[in-house]
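S.K.: Residue numbers (the working numbering), protein chains in the order written: chain P, 241 to 351; chain X, 242 to 783.
Do not take every clue at face value.
Here are the in silico distance ranges between beta carbons for each label pair [to be verified]:
no. : chain 1 : residue 1 : chain 2 : residue 2 : range
1   : X       : R638      : P       : R251      : 30 to 36 Å
2   : P       : A300      : X       : V395      : 48 to 54 Å
3   : P       : L311      : X       : R732      : 36 to 42 Å
4   : P       : S312      : X       : G475      : 24 to 30 Å
5   : X       : R638      : P       : P272      : 43 to 49 Å
6   : P       : L323      : X       : V395      : 47 to 53 Å
7   : P       : T274      : X       : Q763      : 25 to 31 Å
8   : X       : R732      : P       : R251      : 54 to 60 Å
9   : X       : L758      : P       : T274      : 34 to 40 Å
If the Cβ cut is set under 7 Å, some of the chain X residues that face chain P in the computed set are [as the list claims (entries may be wrong)]:
no. : residue
10  : F313
11  : F316
12  : L323
13  : L451
14  : L467
15  : P469
16  : L477
17  : A479
18  : L482
19  : V483
20  : G486
21  : G524
22  : F676
23  : Q770
24  : T777
Hints listed in this document are in silico derivations from the structure and should not be mistaken for laboratory results.
Fair warning: this is a prediction, and the values are worked out from it, not measured in the lab.
Ideal placement from N, C-alpha and C gives every residue a C-beta, glycine not left out.
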Amino acid sequence: MIRPIEPDRWRDLAAEPQFRALQRSRRRFVVPATLFFIAYYLALPISVGFFPETMSRAVAGPLTLAYCFGLSQFAMAWILLALYLRRARRFDVAAAQIREQETQELAQLVT
Amino acid sequence: MRTQQTLVMFAIFVAITLVVTYWASGQSTTSRGFYAAHRKIGGLQNGWAIAGEYVSAATFLGITGLVAFYGFDGFMYSVGWLVGYLAVLFWVAEPLRNAGKYTLADLVSLRLRGRGVRATVALSTLAVTLIYLVAQMVGVSALVNLLLPRLGDVVPIIFVGALMLVYVIFGGMLATTWVQIIKAMLLLVSTLGLCLLILVNFHFSIGAFLSAASNVTVAGKVTNLLQPGLLFHGPLGAWNLVSLGLALVLGTAGLPHILMRFFTVPSAQAARTSVAWAMVLIGVFYLATSFMGLGAATMVGEEHIGPRLYAGQAIEYIAHHPDQAQQLNKQLAHQDYIVPKEDSNLAAPLLAAKLGGSLLTAFVAAVAFATILAVVAGLTITASSAVAHDFWFSLVRNGRGSETEHLFVARSTAVVVGGLAIALALALRTYNVAFLVGLAFAVAASANVPVIVLALTWRHFSRTGAIAGMLCGLLSSFALIALSPLAMGNRAIFPLENPGIVSIPIGLIAAIAGSLLFRDRQAEQSFDQLQVRAATGLGAEV
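So that you can see chain P by itself, here it is in the shape it has in the complex (with noise of 0.2 Å):
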């Protein structure tokens, strides 16, 4: 059985310099990469919905505007989630130093 761990103890755990870095490096990625990519989407309706006159120019043989700006949607989504599994495998490197850290702690405790 693990050893619960106790309320004060996650205080000082939100505290620590480690886990606070982790906080501010997902941060720093999740909350423009966020603000983007809403900003992005609603970009479509809105250029389509009050500018359909020129999202529906052809630029690409038949293809209008309207369709490539929809089709770099899928692209848009995919680049982000590519650059988020890439940047994900540091966040778990910063998560377990701490789990591990901690665990070791509850053990010296029972000990």
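Take the given structure of chain P and dock chain X to it, following the hints.
M.R.: Structure of chain X alone, referenced to chain P:
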């Protein structure tokens, strides 16, 4: 002939899934097994299952049909559904796995203790899930009328409901997961197969295919399906697009039946991997639907596919076609929609008939039934978890009670929820329920998403804030739908068909205002526990 072929293929699918259910039944003897498949589903498998859960018959038949008739505007729908997964990936999947147990309410209650919060989250889960469930079950009757008109629609609804209950009750989450995976594979095979046949037809020339799509005869005039504005036009159309887009892109992260899938994997990494696979599969699938839709428009011809138009769209269509007004108004008096041509949902099966004959049509029809069956099973187990785990086990019994009791209640609830869904589907089967999926997304985006994100990121988020946010999001979505053209026709008080653009800010502002007005010391302290758990996986459920 086609009816028999469809039934035989569907029977094969049912037989395979029943074998899976029998195998899974031995492993669903604990609540952890029943709700979370012992948290042993791999990332890749869960990715397929998420794709299976997400892509309903409404998208398979509906989006193909919308693209076939409205081209780009139909395609627009699918973009939001894919991009919405970025919110799941960045904000929800990993924290949910690390800090949750079986339900969304478990995650929120980790910080915001108290019965009121859990009850509200469970209520919102139940609302979203039931709306979605009824929409899918009513879809059964539409599908039967389209594909197997000789069967009538009462028996198929009861049959689908009963079969879905067998999966859930005996096989729990494990059987439900594998039903999703099998169905997702069948669906992908059939869509990619149809795309390949279209390409063969155009001698593998994308250019020729696109030129054909930009030059289609719809309703007697030459139309470019690649240009926007065929479905949504004018300033109202633009605002409709933005409101719908907002609900789709934010709502995905608040759909309880998708969130529940993240409790079935062993770790946060597996949760992340499963979103990645799901995004690849769903993206490929939506690209394929767009391709099929354009293919159907160019190859099947306009005389066979037409859209079903509801409410505002129907009125607008009649206004623009005074020559057909008398006949269409008569249609509108008897049912809630008009069909200027035949039904647009037939685009995919008709395309299959054109490209591969009756055997392929039967396959596509059987896959469509399998799709509904799998999606309703996933929804039922989610609804049952909200009632059995949140209401009964956590609120009524205060977390006491044996495993046997817990499982018995979970299964009984599944029966009640399933029975309710069957009854509602039978009662509503002749009504227009097309707005229900949009409503489910709007409620998820306005009630669930602000609470999930604030609970995970904001120290001053309080119980009052959570309850106020959820109730305001929930009620404003329902109220705005009731005042919209979907419910009131051209006398609508609220002009848009999706409430998202108003109800999402209402939910968010209520959650923030409630927290600022009524502080919650305990929630501020437990924020540390939640943020450490969510980010590192310390103390995560195994």
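S.K.: Output the indices of the hints that this structure fails to meet, ascending.
M.R.: 9, 16 and 22
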